[in-house]
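Chemist: Each chain is listed here by its residues.
There are 2 protein chains.
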Amino acid sequence: MSAELSRSTESGVSEVDLELARARAGLLRFCEPPSAALAMFVEQVGAVQAWRGILARRAPRAVLAATAARTQDVSAGDAVLRADADLATAAAVGARLTGPGDHEWPAAAFEAFEGALARGVRGACAPVALYVRGRSLAGLPRKGVTIVGSRASSAYGQRVAGEMAHTLVSGGLTVISGAAFGIDTAAHRGALHAERSGEPPTVAVLACGIDRAYPEANRALLDAIGSTGAVVSEYPPGTAPARHRFLVRNRVIAALGAGTVVVEAGRRSGTLSTAAAADQLGRLVMAVPGPVTSAMSVGCHLLLADRFAQLVTGPTDVLAALGRTPEADNQPAFPGTDPRHPTDGLDADSARVYDALPARETTTAADVVAESGLVGPRVLSALAILELHGLAERDGPRWRRVGKRPLAPGGNPG
Amino acid sequence: MSAELSRSTESGVSEVDLELARARAGLLRFCEPPSAALAMFVEQVGAVQAWRGILARRAPRAVLAATAARTQDVSAGDAVLRADADLATAAAVGARLTGPGDHEWPAAAFEAFEGALARGVRGACAPVALYVRGRSLAGLPRKGVTIVGSRASSAYGQRVAGEMAHTLVSGGLTVISGAAFGIDTAAHRGALHAERSGEPPTVAVLACGIDRAYPEANRALLDAIGSTGAVVSEYPPGTAPARHRFLVRNRVIAALGAGTVVVEAGRRSGTLSTAAAADQLGRLVMAVPGPVTSAMSVGCHLLLADRFAQLVTGPTDVLAALGRTPEADNQPAFPGTDPRHPTDGLDADSARVYDALPARETTTAADVVAESGLVGPRVLSALAILELHGLAERDGPRWRRVGKRPLAPGGNPG
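As you go down the protein sequences, you meet chains A and R in turn. Residues in the first sequence are numbered from -1 upward in steps of one, following the numbering used here. Residues in the second sequence are numbered from -1 upward in steps of one, following the numbering used here.
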């Protein structure tokens, strides 16, 4: 076996690099993800040793069990040849293999799996490696937002997904999705149409081999994503898409974003599994409402009704829910918003009640009535409006002002 | 004054009744609501003594202050004549005056104001009396649901409001609204078109005198409501609608329903004041989502995003949110729902995971994976789906089954 591992390589790739790449390719080839046992073994001994151990049948029993189905009739030599072939197939479509320790590996994105695994969630483990076509994943999940939804989407959902992706990417973020028809496609397209920033506009995570286009009709889209963003897969080249792989893949989609936005989902949409995975990983789950008359919004409304997801109506809400402001990331302002003047355009009552609220202490609504000279229900209404805008805060029966009202209400800069 | 108070009346009305009616009419005529001072005074001494006290200028200073503007140039005799004239005007349009102590008075609806007042919410007080055209309000708020929304509503909102009202009324409830254009009108109409049950289908609360139709174009609608349901007002006959009266009136609309549903509302819709009033009264606030592209749903989305309101997509959600089932009120089943079989139609994975959950204890997702034979993410997805349907409950990292799965999944009765 050492003969194979040390044979010479194409120019420019060190033997150490090749050995690591081959080990990763072999691990992906011979173990269907997710395998927490394999992930732990790799974390303990590294990919190269793990791979050698499996080939030599010297590995934890759970790892041998997880790889048995694919390795039992394969000699170590053939296994290595197969790993090399996978690397070659990947290279032929412009893909490389990346894993833990590489600069481009989104280590921060996958840290969350450790907690989920510790909580007893079997299958909640990071990929051992990823085939990547395109750019580095290093900025994720901090710079990423996952946008997913049904294949059977409405024109409404596609529009919302496309515009959301477009605006988020224009603001310097990366949109992660699954390249499926419908919402995924709209999100990827919206991202690709945005003006280029420093980050990859969009990342597509496949449930099949990196050399395959699924759905086939999205081949050109995937090529475009691979050229300006990134297409990734934890499956060895040639792997066919299968139902269980979509569900397994969804955990990677959820992990790569700081939060997951469900734009449309039917009552039993597979999209809900991405939402569940995001939740398990401690990622914020968001959902876009839609007409209650639309079957494509039923899943979103279930998520919202049970307060499993935060309601978002657009990119500004997504950023706010994630605790981001365009400023915080030093990005250009988002169209249609002016975060510098949150009280701009308040109605007269609300402005009057805002002014009646003390800046440093709490007060009762009755005192606000006295101070503002407005009758009780108008004050209550105004307080509710201020609260909705985050300009007043309730503390039991008492209220306090939040933030600072600018001097020129209603004014726009310039 | 005792001469006026004891003069004989039309046939069938006792002097005691007339004295009470006249006192109530006078109180409504000479004090613009809401006046917590007057409400408290009336609660302490009764309407008749309160009215006599005000006429004799022997009342708490706050009460005299609240009534000063309208009583200062009026003799006691003229005041009584004016009250009698109001009763006559009301009677001419088929309206009567009701108040605390009457069988038809919705005492339970107005109890909530006491708590709000105790919390320092000035203006949060029950009406001293109400003019009523039509049926008794005795079943409210238990049998009532308030449905409100913007005048500038969309066809979508009108459809949702109309269908919701229709279904709720078909199930034996009463829909309360404000007779404004848009959502209010759609709710009233939907209620009127429902099959008649024991309860009044709908109640309209006016911000003007009971003898006026506002908006004028809704005169026929108000007549229809007054004939099978009820039209009510706390304003003396002839009172013109005014902006502040709509806001004051909204507290009555909120009080008469067990919960308030906002179907559509713009960003600064007056409808939000009804939601705020409902919240102050401890009533459940519900909101219907809509397209994020619709300005008419912005207010609803604000309420939902801040978790100020519970998301509802239709009448079944409203009943569930209010803790009602059609059975609980011995009402006919609602169209399109079958509450007897909550797990009907579960997908195969979810059914399998449901069966894998122990009935009496909690378990980890990992154990469910082992038990169900499904991979982790499928189990997670199924658990999320079960949780959304209220069939599984999370307890930290552990899960438990909720309810009992019927033997024949997917089956409909008969």
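Because the hints were derived from the structure by calculation, they are not lab data. Where a beta carbon is used, it is the ideal one built from N, C-alpha and C, also for glycine. Hints may be right or wrong, so weigh each one.
Claimed, not checked - Restraint ranges, calculated between C-beta atoms of paired labels, are given here: (1) P395/A to A293/R: 31 to 39 angstroms; (2) R68/A to R265/R: 55 to 63 angstroms; (3) E193/A to R398/R: 32 to 40 angstroms.
Chemist: Confirm or reject each hint.
Modeler: Against the structure, the hints:
Against the hinted window of 31 to 39 angstroms, the Cβ-Cβ separation of P395/A and A293/R comes to about 33 angstroms, which satisfies the hint. Separation of R68/A from R265/R is about 58 angstroms and conforms to the stated range, judged on CB atoms against 55 to 63 angstroms. At roughly 50 angstroms, the beta-carbon separation of E193/A and R398/R lies outside the given 32 to 40 angstroms, and the hint is violated.
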